[in-house]
Amino acid sequence: MATVLFYLLGLVTVIATLLAITRRNPVHAVIYLVNSFFALALLFYLLGAPLVAAWEVIIYAGAIMVLFLFIIMMLELAPTPEADRMGPTWWQWLPVLLLALALVGCTLMLIGVDAGVAQGVPRWYATPRDFGFALFGKYALAVEVVSFQLLFAAVGAFYVGKPERKRRQKKEEGA
Amino acid sequence: MSLWRDIKGTLQPFWVTLCNMMRRPVTVQYPEQKQQMAQRYRGRLMLTRDPEGHERCVACHLCSAACPVDCISMQAAEGDDGRRHAAWFRINFTRCIFCGLCTEACPTLAIQVTGEFELAGRDPLKLVWEKDDLLVDHGGHTPDYNFYRQSGVGVAAPRGGLPTETAPVDPKDLMP
Amino acid sequence: MIDGLIMIVLILIKLGVIFAVIMTMAAYLVLAERKILARMQLRHGPNRVGPFGMMQPLADVIKLLTKEDFLPDRADKWLFLLAPGMAAVTAILTFAVVPFGPPLQVFGHELPLVVIDLNVGVLYFLGLSSLAVYGVALGGWASNSKYSLLGGIRGLAQLISYELSMGLALVPVVMLARSFSLTDIVLAQQAAPFILVNPLAFLIFLVSVVAESKRTPFDMPEAENELVGGFHTEYSGMRFGLFFVGEYINLVILSSMVTVFFLGGWLGPLLPGVIWFGVKVLALCFFFIWVRGSLPRLRYDQLMHFGWKILLPLALLNVLLTGAVLLWSRT
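Residue numbers (my numbering), protein chains in the order written: chain F, 398 to 572; chain H, 83 to 258; chain U, 68 to 398.
Worth flagging that the hints you see were computed from the coordinates, not collected in a lab.
This structure is a prediction, so every number in the text was calculated from the model and none was measured.
Cβ atoms here follow ideal geometry from the backbone N, Cα and C, with glycine treated the same way.
Check each hint, because a few of them may be wrong.
Unchecked claim - What the simulated footprint calls covered on chain U by chain F, stretch by stretch (three residues with Cβ under 8 Å from a Cβ of chain F suffice, anywhere in the stretch; the number is not a length):
hint, region
1, 197–210
2, 213–227
Said to hold, decoys possible - Looking from chain H toward chain U, a few residues come up when the C-beta cut is under 7 Å (computed):
hint, residue
3, T99
4, M103
5, T109
6, W211
All chains should be built: construct the whole structure from the sequences, respecting the hints.
Put into structure tokens, the structure is as follows:
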């Protein structure tokens, strides 16, 4: 059961990702990518890491893709449907419907499968507590390095984001 | 102090709305309760009569000229005594906007507004009112005014006979 | 075998009851909101359909179902049709992790009054609430209308900003309860509800939740007087109804989340747990309506300024303080 589910989810992930990188319309690509993230999250859950599954949905599907969508919509990167006057035909959207259905089916099946304790997958279950200890105990240095990098990025973004006039003013004051 | 102002400005509205919730609504529940319209409310139009019971309207077309939506139409006619009246008089209330400009234009104070406003119906043709529907048997806002006592055909008093007038001067008379 | 069957039937009944209660609550919240707002503005509100207008939700549903389902010219058809579903489904799914009462004893079976007690319940809630944006954004984009697009963009920017402070306001709660499971969080408030333990987190969470529900002080994505209807400008009939119902289900869900995280869930003296839970949720729903009646809409830059420069630093500071106090009290 779990093995079948694993390969099914893997297939959904791969197909969705392939569709995402071949789409012309960036908004459609984003939706396929979100779909693939969902399948990935379910895979993590199946493999006994509910915390990683939740992060996958919150951060990748919920935050990063939302930012992508924001930029696409704000810069009007998506071709307006005026290009093809009829709008997309139904078969262009068949894949996404199939993928969504597959995901719903998998979710229903997951309720039946005891996550992480099925055959063919490692019998190991990462509770949030285990995860936290691993992250801030064993890999504390790596986490700190990454967080410093993020801090640098944030400071840099603040500097670049400042209006030009203000920046020059400050420079003159310093000189 | 602007922080204090902001906090006060955020919290005060809550108190105001809560107080308002305790108050009685001011809504008039229309079909059950009817509102008393103001004295000078401009509602449906009517055609009034003078104190003697004759129609005031002399079919001068001024009201239909003044009407911004062109909802008044009439046909003028003349009686045996030379007195003008409307052969037919029609107001299309589906178009009337209750502006009251016709009443201001009327020289004989024939057309006047009422306080009535409930004209809704399912058949628009029923809102085209003829002279019989419009005529009332009173003088409206000016019950004592009689146009034909002042001027026009069939003035009752001789020249200078009205209480507000003085008698005409006789140029051949030398008396002071 | 029989035992298993009874269990399945009980679970199905529970699911049915939960679904029915949420839908009814969402429908009557619309009426309650209209009534309460009307009284705040010295009006009566709907009182024509049935006694005190109690049948108004039914009339609304009939009206919405019989209206034309309009598809704008050159709209992205499938996305346009799917978006309202996304908005409503993500809202309903969130209730799966909300514990609304202590476990019940039925026919010798223990029936937990929660659909599924995930050990990452908090994250499940955060994940679904961040996914709720897709309905708004994709619906706004697919409509092929400038107002909808602007509404969708605003929705994206606003929700991503307030998602952060909402998540950070929950960190102290998780630290205090030492668990991600909502049942454990409720049980950790036996001594005192977290609103008393950490009022700052409660305030931040409350503000973020109002922003998350896209309601009045933060209703930039809809903004009737600037964007016609915002992201749902082009929607009609029951598709608009789905957006609308989704919004009110979201209101119920967010109120129950505030109850679970800060007001002690079903815990309370004298009355049974489910009633306590209901009372708290309804009180919060009234609060949301009260906010809508009291505060005007923020400007877009004020909204962003408030979210990023005030709420987020406060939430971070609160996390730091709570952690310090917890460490200090431990040693």
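**Prompt:** Taking a Cβ-to-Cβ distance below 8 Å as contact, does the region 213–227 of chain U have at least three residues touching chain F?
**Reply:** holds (count 7)
**Request:** Using Cβ atoms only, decide whether T99(H) comes closer than 7 Å to chain U, and label the hint accordingly.
**Result:** 4 Å, holds
**Asked** Once the shortest beta carbon distance from W211(H) to chain U is found, is it less than 7 Å?
**Response** Violated: closest Cβ of chain U sits about 31 Å from W211(H), beyond 7 Å.
**Prompt:** Are there three or more residues in the region 197–210 of chain U whose C-beta lies closer than 8 Å to some C-beta of chain F?
**Reply:** Answer holds; 8 residues pass the 8 Å Cβ test.
**Interface hint outcome for T109(H) [beta carbon to chain U under 7 Å]** = 5 Å, holds
**Message:** Tell me if the interface restraint on M103(H) is satisfied: Cβ within less than 7 Å of some Cβ in chain U.
**Reply:** 5 Å, holds
In terms of the numbered hints stated before, the structure departs from hint 6 and from no other.
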